Amino acid sequence: MAATTLVFGVLPQADALRLADTCLLWAHRLSEWCGHGPAIEEDIALTNTALDAIGQARALYQAVALARGDGSSEDTLAYFRDPDEFCNLSIAAVANGDYAQTVLRSLYLSAWFISVWEGFAHTNAIELHRFAAESAKAARMCFRHASDWAVRFGDGTGESRARMERALLLLEPFVLELLDAELTGSPAQSRSGSFRQRIDACFAQATLSPLSVGSSRGSSAAERRALLTEMQSLARLHPTARW
Amino acid sequence: MSQVHDQNSGNDWPLFEVFVRSKQGLDHKHVGSLHAADDTHAISLARDVYTRRQEGVSIWVVPAASITASAPEQKSDNFDPMANKIYRHPTFYDIPDEIGHM
Chain A
0 MAATTLVFGV
10 LPQADALRLA
20 DTCLLWAHRL
30 SEWCGHGPAI
40 EEDIALTNTA
50 LDAIGQARAL
60 YQAVALARGD
70 GSSEDTLAYF
80 RDPDEFCNLS
90 IAAVANGDYA
100 QTVLRSLYLS
110 AWFISVWEGF
120 AHTNAIELHR
130 FAAESAKAAR
140 MCFRHASDWA
150 VRFGDGTGES
160 RARMERALLL
170 LEPFVLELLD
180 AELTGSPAQS
190 RSGSFRQRID
200 ACFAQATLSP
210 LSVGSSRGSS
220 AAERRALLTE
230 MQSLARLHPT
240 ARW
Chain B
0 MSQVHDQNSG
10 NDWPLFEVFV
20 RSKQGLDHKH
30 VGSLHAADDT
40 HAISLARDVY
50 TRRQEGVSIW
60 VVPAASITAS
70 APEQKSDNFD
80 PMANKIYRHP
90 TFYDIPDEIG
100 HM
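Chains as they are written, first to last, in numbering that gives the first Met the number 0: chain A, 0 to 242; chain B, 0 to 101.
Keep in mind that the hints were calculated from the coordinates and are not lab data.
Be aware that a few hints might be false.
[What the hints assert, rightly or not] With beta-carbon atoms standing in for the labels, derived distance ranges:
no. : chain 1 : residue 1 : chain 2 : residue 2 : range
1   : B       : P89       : A       : G34       : 53 to 59 Å
2   : A       : R235      : B       : K22       : 54 to 60 Å
3   : A       : A234      : B       : A64       : 46 to 52 Å
[Stated by the list, open to error] Pairs of lysine-lysine residues, derived as DSS-like cross-links and limited to a Cα-Cα distance of at most 30 Å, are as follows:
no. : chain 1 : residue 1 : chain 2 : residue 2
4   : B       : K28       : A       : K136
5   : A       : K136      : B       : K74
6   : B       : K84       : B       : K74
7   : B       : K22       : B       : K84
[To be verified] Counterexamples of contact, computed for chain A against chain B with all Cβ distances above 12 Å:
no. : residue
8   : A38
9   : E41
10  : N47
11  : D51
12  : I125
13  : L167
14  : A180
15  : R197
16  : S211
17  : S214
18  : G217
19  : Q231
It should be emphasised that the depicted structure is a prediction, and the values quoted were computed from it without experimental measurement.
Ideal placement from N, C-alpha and C gives every residue a C-beta, glycine not left out.
Can you make the complete structure from the sequences, with help from the hints?
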């Protein structure tokens, strides 16, 4: 394998694609709230998070395409791979559900991304270092927003707490993957420590039970297929269109 | 005097007025308003709604209900320029050249 197949000079393609696919599918789920948010201000906040995640996905896809040097582009990677070629974390493709479930997914994924991006703080690869530092800022903003809502729901009314507890149950099968996902150059152990610390602090403030990690692993493959069918349909119908 | 009231009665969240300081050393300027559950939430939303394009270095939010405004019907009594009352305008002083434009 030639050295140029590494993304940013250090990341194996599989790792870069896992990060990019996770960003893209999560961003698409967030974008589904556009025009449907509980208030226009929240709508804008979710859309901003989605745009940040799409920006990260684009940077990673571009870097992967460059490393491949085979005519791939960010668009071929996003729109012309089949669903089973995507290697996102499963939680990213799960359908939105209600606002508590959307908030909890954002809480988990932003905490995970903080641990990932901050894990690259000491890399010697300059491009990756710059990209990770920028992305960590966006992840911390998203975590603050999601954490604020998790506390309001958990420590709010009977209804809001019940919804948060339901969201916790629904997403529990996807937590294990957040704790043990392998990424080269970023040990799972230190990432899961950082992840748990953030989540535990938030749940304590929200008066929720500590993070419960099931042994089962949920699948969101069917939801991903439906999402990609919709997301990719326009590009596949008009492959030469420009906009 | 009159209180500034939230016109949007269908929304349970109170209205906040948002002020952004664009650069160190300048003053905070009113940029708009938003609905939020409380002051912390208002700051968080203000950042998303009003400062995504490097508009600012600092944000203030103020509950709109805390603002007391002059009554619109007193506008002319309060603010008409009274141009005929020349003694209200300091036009009889010569400004030394060194002072420049005031």
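Taking the hints in turn, this is what the structure says about them:
Between P89 of chain B and G34 of chain A the CB atoms are about 55 Å apart, so this pair conforms to the stated range of 53 to 59 Å. Between R235 of chain A and K22 of chain B the C-beta distance comes to about 47 Å, which lies outside the given range of 54 to 60 Å. For the hinted restraint 46 to 52 Å between A234 of chain A and A64 of chain B, the CB-CB distance of approximately 49 Å keeps it satisfied. Taking the CA atoms of K28 of chain B and K136 of chain A, the gap is about 26 Å. The hint holds against a cut of 30 Å.
Between K136 of chain A and K74 of chain B, the direct Cα distance comes to roughly 47 Å. Violation of the 30 Å bound is thereby established for this hinted pair. Between K84 of chain B and K74 of chain B the CA atoms are separated by roughly 18 Å; this keeps the pair inside 30 Å, and the hint holds. This hinted pair does not check out: K22 of chain B and K84 of chain B have alpha carbons roughly 39 Å apart, beyond 30 Å. Not every CB of chain B lies more than 12 Å from the CB of A38 of chain A, the least distance being 6 Å, so the non-interface label is violated.
With a least CB separation of 7 Å from chain B, E41 of chain A falls inside the 12 Å interface cut-off, contrary to its annotation. Non-interface call for N47 of chain A relative to chain B: violated, since the shortest CB-CB distance, roughly 5 Å, does not exceed 12 Å. At the 12 Å boundary, the C-beta of D51 of chain A falls inside the reach of chain B, the nearest C-beta of that chain being 10 Å off. Every beta carbon of chain B lies more than 12 Å from that of I125 of chain A, the smallest distance being close to 24 Å; the non-interface claim holds.
The beta carbon of L167 of chain A sits about 22 Å from the closest Cβ of chain B, which is more than 12 Å, so the claim that it is off the interface holds. The beta carbon of A180 of chain A is kept farther than 12 Å from every beta carbon of chain B, the shortest such distance being approximately 29 Å. Residue-level check passed: R197 of chain A sits 17 Å from the nearest beta carbon of chain B, beyond 12 Å. No beta-carbon of chain B is positioned within 12 Å of the beta-carbon of S211 of chain A; the least distance is around 28 Å.
Taking the minimum C-beta to C-beta distance to chain B, about 36 Å, the non-interface status of S214 of chain A holds against the 12 Å cut. With a least CB separation of 30 Å from chain B, G217 of chain A remains clear of the 12 Å interface cut-off, as annotated. The Cβ of Q231 of chain A lies farther than 12 Å from every Cβ of chain B, with a closest approach of about 28 Å, so its non-interface assignment holds.
In summary, the numbered hints that this structure violates are 2, 5, 7, 8, 9, 10 and 11.
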